[in-house]
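Chains A and B, in that order, give the protein sequences. Per our numbering, the very first residue in the first sequence carries number 1; after that it's consecutive. Per our numbering, the very first residue in the second sequence carries number 1; after that it's consecutive.
Treat the hints loosely; a few may be bogus.
What the hints assert, rightly or not - Looking from chain B toward chain A, a few residues come up when the C-beta cut is under 7 Å (computed):
1) A180
2) L437
3) F449
4) Q480
5) W486
6) D489
7) P728
Unchecked claim - If you anchor each label on the Cβ, the simulated ranges turn out as follows:
8) A:G199 - B:G553: 51 to 57 Å
9) A:G199 - B:G220: 32 to 38 Å
10) A:S210 - B:R325: 55 to 61 Å
11) B:T515 - A:G263: 41 to 47 Å
12) A:G199 - B:D455: 38 to 44 Å
13) A:A68 - B:T515: 55 to 61 Å
14) B:D579 - A:S210: 50 to 56 Å
15) B:D579 - A:A293: 51 to 57 Å
16) B:E457 - A:R225: 20 to 26 Å
17) B:R517 - A:R76: 51 to 57 Å
As the list claims (entries may be wrong) - Coverage of chain A stretches by chain B, computed from C-beta distances (three or more under 8 Å per stretch; other residues unrestricted):
18) 145-153
19) 172-184
20) 218-231
21) 276-283
Treat the hints as calculated values from the structure; they're not laboratory data. Model, not experiment: these values are computed from the prediction. The beta-carbon is built from N, C-alpha and C at its ideal position, and this holds for glycine as well.
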Amino acid sequence: MGFEDRLRRIRGQAAVPEVPPVPSLPDGPTLAERLRRVSTGRAVPEPATTRTPDEAALAAVLGADILAPGVLRLERRLDARLRHGRGMLGSAHVPQHLPWPPAEASPGGSGLQPRPDAAEIGEAGSRPQLAPTAAHSVWLCLDTETSGLAGGTGTWAFLTGLLRAAGVGWCLRQYLLTRLDAEAAYLDLMGAELAPDAGPACLLTYNGRSFDAPLLTTRFRLAGRPDPLAALPHLDLLAPTRRAFARVWPDCRLATAESRLLGVQRADDLPGSAAPAAWLDWLRRGETGPLAAVLRHNRADLLSLAGLLPVLDAVYRDPAAFGADCRSVAAAHQARGDQAQALRILAANRRDLDAAGLHDLARLYRRSRDWGRAIGIWEELCARGDPEARAALARFHEHRSGDLGRALELALALPPGPERERRCRRIAEKLERAGRNLSLGELGVT
Amino acid sequence: MPAPDQAVIRLKARLLRSYRARICGDLVRPATAASLLDLPPDLAPGLREALTARGLPQLYSHQREAFDLAQAGRHLVVATPTASGKTLCYNLPVLDAVLRGGKKALYLFPTKALAQDQVAELIELGRALKTAGGEGVRAYTFDGDTPGDARKAVRTRGDIVVSNPDMLHQAILPHHTKWAQFFEGLAYVVVDELHSYRGVFGSHVANVFRRLRRVCRFYGVGPTFIFTSATIANPAELAQRLCGEPVTAITESGAPQGERHLLLWNPPVINPDLGIRASARSQTTRIARMAAVVGLKAIVFARSRLMVEVITKYLKDVFDKDPRRPPRVLAYRGGYLPSERRAAEQAMRAGRVDLVVCTSALELGVDIGALDVAILNGYPGTVAATWQRLGRAGRRLRPSLGVLVATSDPLDQYLVRHPEFFFGASPEHARIHPDQLLILLEHVRCAAFELPFRDGETFGAEDLTEMLSYLRDQGVLQHQGDQWFWVADSYPANAVSLRSVAEGNFVVIDTTGGTQRVIAEVDWSSAPGTLYVGAIYMIQAQPYQVERLDWPGRKAFVTRTQADYYTDAIDYTRLKILDRFEGRTCGQGATANGEVHLVRRYPGYKKIRYYSHDNIGYGNIDLPDQEMHTTSVWWQAEPRALESALPDRAQAIEGFLGAAYALHHVAALRSMAELHDLGRAVGDGQGTWFAVTGAEGRGQLRGPDNAPVDGEGVDRFEPTLFLYDNYPGGVGLSAPLYDAADTLVRDARDLVAGCACTGGCPACVGPIMPGDEARAITPRAAALAVLGLLEGAV
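Using the sequences and the hints, build the whole thing.
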């Protein structure tokens with residue numbers, strides 16, 4: 001039976017909705033028609049219209065060069081005195097305080113812990129080697145715009161913006177993919193900037209470690225090319241920003257960081273979420289306007305990234321001056337083994353610390369054997385009824401000052417539980433050995 | 001106490017002596033000796049030592065055969081009985097390849113629990129390898145529970161990754177570049193429980209494998225597929241359809257087996273007029289008691305969690321009356337805490353338990369030690385599952401006894417009267433339809449996301465260019481140069497469930513206590529018949545009532561309830577034949593197969609009380625008509641022959657309805673489908689009238705608007721019996737039914753003719769009304785007349 005016959009049969013019945021005429025193939029209904037028939041419930045969308053894009057026109061609008069068919073590059077030199085928000089964009093900054101030396105690229109992976117059954121089979125995960133910050137004085141800021149946030153092999157990084165330190169200023173290069181079948185050329189040209197022979201560099205990104213870099217790695221793999229990112233050390237500013245501000249700011253997006261730390265207010269910025277549509281509008285209909293806005297947005301992101309580095313460095317020197325979370329910043333220093341820095345920051349902000357912060361500070365004093373200051377904090381907290389401070393004091397008097405009477409007094413005031421029982425019993429036994437005749441029962445210890 | 005060998009034989013003799021009339025089949029499968037072969041000569045270093053250390057100095061013949069085939073790079077499927085050592089059939093070639101250097105393997109299991117058991121076993125083997133001085137082997141599970149920070153370790157370090165088809169579909173393939181290292185070394189893909197990949201699920205998975213092989217080609221590898229399967233009629237064919245390449249089947253087991261006895265047990269008829277039999281449960285508990293009394297260990301399989309609890313209670317009332325003594329009876333089912341289950345397994349392995357009552361949860365994998373007797377309370381749905389359950393008894397070469405106790409379901413009744421289903425060649429053909437249009441299109445979409453298609457590539461049997469052009473028109477792809485590139489901002493695999501056909505499943509949300517919790521998913525096509533306001537929706541015997549329906553949002557909101565009734569939607573299905581693909585005469589009628597348009601209306605539902613099955617009320621359903629295009633097989637009787645066989649048209653209609661009921665059940669059996677995978681209807685094929693069973697139990701004709709039609713007034717009276725594929729577009733169930741049409745009619749006639757009732761009953765032609773059995777032509781006789789015409793036996 002031919003397609004027309006089948007269609008007539010279906011239409012002949014009232015219960016079936018009217019079908020718009022569809023071009024038929026000689027040997028049966030079209031795929032769209034067949035799908036419409038078996039698809040119950042969901043409307044099949046109308047075909048999208050298409051027009052051929054004009055690459056030369058786009059290059060002219062953007063002020064970019066056509067490097068190869070389908071690959072455009074926009075290049076600018078930026079002076080070190082260029083202002084971005086409140087600051088100037090020097091490129092020679094060497095972080096002194098950021099406790100985040102960039103992770104050195106290592107073939108072993110990014111330091112993820114293996115899962116338990118991995119360990120069971122005798123395979124240990126390895127932490128990446130950390131290199132000293134100062135070795136990487138040439139910063140290479142990287143930011144991509146993508147066809148979506150879904151991730152996976154179907155997401156394109158159609159725009160890669162690179163900002164490389166050049167002398168005291170910067171060199172900006174944005175690589176734009178304008179034809180889908182030109183991705184290999186695009187990756188070759190852009191990848192050359194990341195390759196070792198382009199000079200030693202350290203990647204600087206904002207959320208690039210978990211988004212931009214893996215995405216580019218995927219694209220290089222799909223194109224059958226070696227991944228130049230694997231060989232570059234990488235400093236991602238999202239982690240230190242989160243550490244310092246997660247509890248202070250509503251969110252830690254780049255836009256928030258740049259407005260709060262750099263004083264940058266973007267006028268008529270295209271939101272990053274509009275980038276996929278802008279690129280699709282170009283691919284489908286050759287629209288150039290939205291794509292130009294995407295390039296502007298990407299440039300602004302790169303400048304903020306460059307501007308954030310020295311400011312974040314300053315945040316880690318003096319967090320209070322930027323309204324950052326002092327305790328969290330100090331903890332970051334401590335985790336990197338820099339106790340002096342952690343102590344300096346907490347001590348300087350003692351008045352603003354909450355109980356947990358005070359405990360951190362007391363712990364640091366104790367470790368540096370500054371018992372006087374440590375006791376000062378514990379006494380203060382103890383007076384506010386803090387059980388942890390009371391326990392610390394009890395420990396101090398039991399083991400260090402030898403004032404067992406005071407130790408017992410403090411221990412008896414601890415919250416009930418096995419911990420209290422153990423401590424009281426032990427102190428009482430010590431007192432007994434010391435010749436003081438006290439029965440445990442008298443003390444309420446059973 | 002006698003030796004267990006003797007005890008099993010004596011128990012059987014006693015059952016035969018005391019209950020001769022209830023036993024409709026007594027089958028013995030003789031013991032078989034082991035067929036052993038040497039380990040392959042040049043195994044990887046350490047492997048021979050590790051196997052010997054684990055008590056495996058030799059291989060069963062099928063294990064060696066599997067190894068040799070795998071070594072030669074041939075795809076294979078091992079379909080040997082339960083407990084024949086199938087695991088080693090794939091572990092050996094895989095370990096050999098891993099230890100020789102750099103090769104990887106992907107293991108796919110349909111469930112997470114099975115995957116975890118497998119990893120535990122591999123870890124054991126890895127230890128033995130290390131003890132033997134060889135390299136270890138790294139096996140990791142990769143499933144929804146794998147934490148994000150461990151995934152990278154799995155991807156880059158795993159020699160063997162144990163996962164499931166859903167993870168492959170949604171997490172691995174769309175991110176294949178992250179798995180590049182793994183794919184570059186991929187030598188084997190192991191697919192366990194092949195027989196569960198059938199119907200919609202199998203059709204999806206075949207496409208997931210098309211995508212997998214495409215990705216493998218990208219990385220320059222062509223892995224060998226190793227399948228294992230329960231005994232089904234077509235393991236090689238199914239495996240071949242799944243992986244798209246020729247597959248060799250190994251069906252001869254070299255594992256030794258004790259003597260196996262199987263009794264098919266039909267409870268006695270207690271009301272011959274209505275064909276009502278004693279409950280299967282009462283028979284099951286009786287047999288279990290007899291086994292325990294003579295000191296045998298028995299396992300009882302029930303079909304629902306509720307039945308597990310009921311049987312356990314009855315047995316505990318007998319054996320565990322004294323609370324000071326350790327329990328002899330134990331229940332085991334899903335829904336228990338893992339710790340409870342582990343403790344139960346421990347107790348079973350240690351032999352502290354005499355009677356285990358369980359659901360299918362104990363059908364596979366879990367090690368519970370040796371048992372003597374397996375009692376199945378009701379047919380599990382497939383012959384393959386029956387054997388898997390029976391395989392739980394007699395693991396250690398001792399004689400074992402299985403008893404299948406039939407319920408009054410038609411399938412049970414049919415099977416106990418046909419022992420050849422259990423001891424002949426397997427009757428079950430697992431079917432898939434990977435080129436089902438909607439399923440195929442979804443996977444073309446996913447595949448295009450993973451790697452751009454090139455002009456001239458193929459994917460499935462449809463014209464790929466046409467599908468790609470369609471997706472381009474939807475704005476998902478762009479064609480440039482000779483490639484089709486993905487450009488949409490979406491992740492298509494997330495929108496595709498491997499267990500349904502494309503229309504978006506309904507989720508059932510429990511709102512009891514003010515919180516919202518998803519408790520079930522219902523396939524789009526069965527949603528209107530199960531999820532309507534007022535419906536009682538059962539999950540593991542817990543009733544929930546549907547309170548609100550969000551039709552466009554595909555959500556049903558339910559609350560827990562205590563109803564003593566269940567609901568049954570009344571549906572009127574009208575079918576219209578659109579296209580006849582093929583047809584032939586069949587007895588004094590004709591059968592054909594083709595495309596149909598189906599309109600289903602749900603005007604209301606009945607409330608039916610449990611146990612008594614009284615109809616205690618009606619409710620209205622307010623849903624739009626459901627329409628579907630699908631495939632169907634149908635039968636028609638030659639009008640004059642029909643008129644002479646059944647002159648009364650009302651009786652003819654009743655005959656067709658009864659015949660449809662019987663055919664529906666036997667067709668589900670042959671095609672390994674669930675009953676609801678198929679639909680049945682009786683009409684004229686033009687949509688002018690269709691037949692229903694009215695409220696008073698008589699067949700009625702209705703017109704397109706559901707108004708009653710007088711059968712005697714119809715011009716061309718040509719009743720047509722349809723069995724249709726109950727999925728939009730069809731999933732390939734009806735063509736094989738057409739091919740087997742003659743067998744089906746014969747089976748259905750056997751079912752009705754062999755039934756113990758007088759005038760018809762739920763075990764043959766469906767429920768009848770009191771008094772029907774006294775009519776001159778009973779519903780059963782009418783159905784037999786129709787089936788006789790179709791069979792050509794009249």
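Structure-based check of each hint:
1. A180: holds (6 Å)
2. L437: Cβ of L437 (chain B) sits 6 Å from chain A, so the hint holds.
3. F449: holds (4 Å)
4. Q480: holds (4 Å)
5. W486: holds (4 Å)
6. D489: holds (3 Å)
7. P728: holds (5 Å)
8. A:G199 - B:G553: 51 to 57 Å: holds (56 Å)
9. A:G199 - B:G220: 32 to 38 Å: holds (34 Å)
10. A:S210 - B:R325: 55 to 61 Å: holds (59 Å)
11. B:T515 - A:G263: 41 to 47 Å: Given range 41 to 47 Å: holds, Cβ gap about 45 Å.
12. A:G199 - B:D455: 38 to 44 Å: holds (41 Å)
13. A:A68 - B:T515: 55 to 61 Å: holds (58 Å)
14. B:D579 - A:S210: 50 to 56 Å: holds (53 Å)
15. B:D579 - A:A293: 51 to 57 Å: Holds - the Cβ-Cβ distance for D579 (chain B) and A293 (chain A), about 53 Å, lies within 51 to 57 Å.
16. B:E457 - A:R225: 20 to 26 Å: holds (22 Å)
17. B:R517 - A:R76: 51 to 57 Å: holds (55 Å)
18. 145-153: holds (count 7)
19. 172-184: holds (count 3)
20. 218-231: holds (count 3)
21. 276-283: holds (count 4)
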